[in-house]
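Q: Sequence:
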Amino acid sequence: MQIALAGGLGHGVGHAVFFCLSLLTPAFGPATFYVDSCKQMPFFLVAALISLGFLIIHTFSMVIAFNGYDEGKKVHQIFVPTVHLVAAMLTLVNLIPGGCIAGVPLILGSAAVTLLYCGKMVWKRMMESLEEPPSRHRIISDEQNE
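To get the numbering used here, take the position in the sequence shown, counting from 1, and add 76.
Source of the hints: derived by calculation from the structure; they are not laboratory data. Please note that a few of the clues may not be correct.
Distance ranges between label pairs, derived from CB positions [to be verified]:
1) ASP112 / TRP199: 36 to 46 Å
2) PRO106 / MET203: 52 to 62 Å
3) PHE94 / GLU208: 33 to 43 Å
4) PRO157 / SER205: 22 to 32 Å
5) TRP199 / PRO106: 42 to 52 Å
6) LYS149 / LEU121: 34 to 44 Å
7) THR108 / MET203: 40 to 50 Å
8) PHE104 / LEU192: 34 to 44 Å
9) LEU99 / MET165: 16 to 26 Å
Here are the computed lysine-lysine pairs in the BS3-like style, where the Cα-Cα straight-line distance is at most 30 Å [to be verified]:
10) LYS149 / LYS196
11) LYS150 / LYS196
12) LYS200 / LYS149
13) LYS200 / LYS150
Please read these numbers as outputs of a predicted model, since none were measured by experiment. Think of the CB as a built atom: it goes at the ideal place given N, C-alpha and C, for glycine as much as any other residue.
Construct the entire structure; sequences and hints are all you get.
A: Structure representation (structure tokens):
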């Protein structure tokens with residue numbers, strides 16, 4: 077699971093960097109930047125929150141996907157692209173005038189759902205591994221160390 081977490085975090089950070097890299101040009105203006113479709117929130121705040129949401133989605137979706145393919149669970153395998161598609165479609169809400177007030181919390185909500193789903197899956201897997209008896213390989217290596 078650590079490899080999946082590292083891969084997901086790398087994917088999420090890469091996405092966030094490239095997402096925010098395109099925002100550097102308007103960042104050097106003289107004042108706070110607002111767009112016509114969202115006058116309630118600064119543009120860079122909206123971009124940062126969306127980027128955070130996708131960072132969380134990418135990071136923990138990778139853990140869910142790795143676990144789904146490892147255990148052959150179709151639910152996990154289908155959950156990942158579904159959540160990503162839903163979150164991507166929720167970004168379109170921001171195009172509606174004032175839509176960022178609803179769109180950003182919805183994206184962060186889908187990130188929270190992904191995080192909770194991953195946490196539940198990892199907790200269940202940890203509890204199952206604690207219930208299993210130690211493997212023979214571990215017992216033999218412990219005996220050799222004594």
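Q: Any hints from earlier that this structure breaks? Give me their numbers in increasing order, please.
A: none
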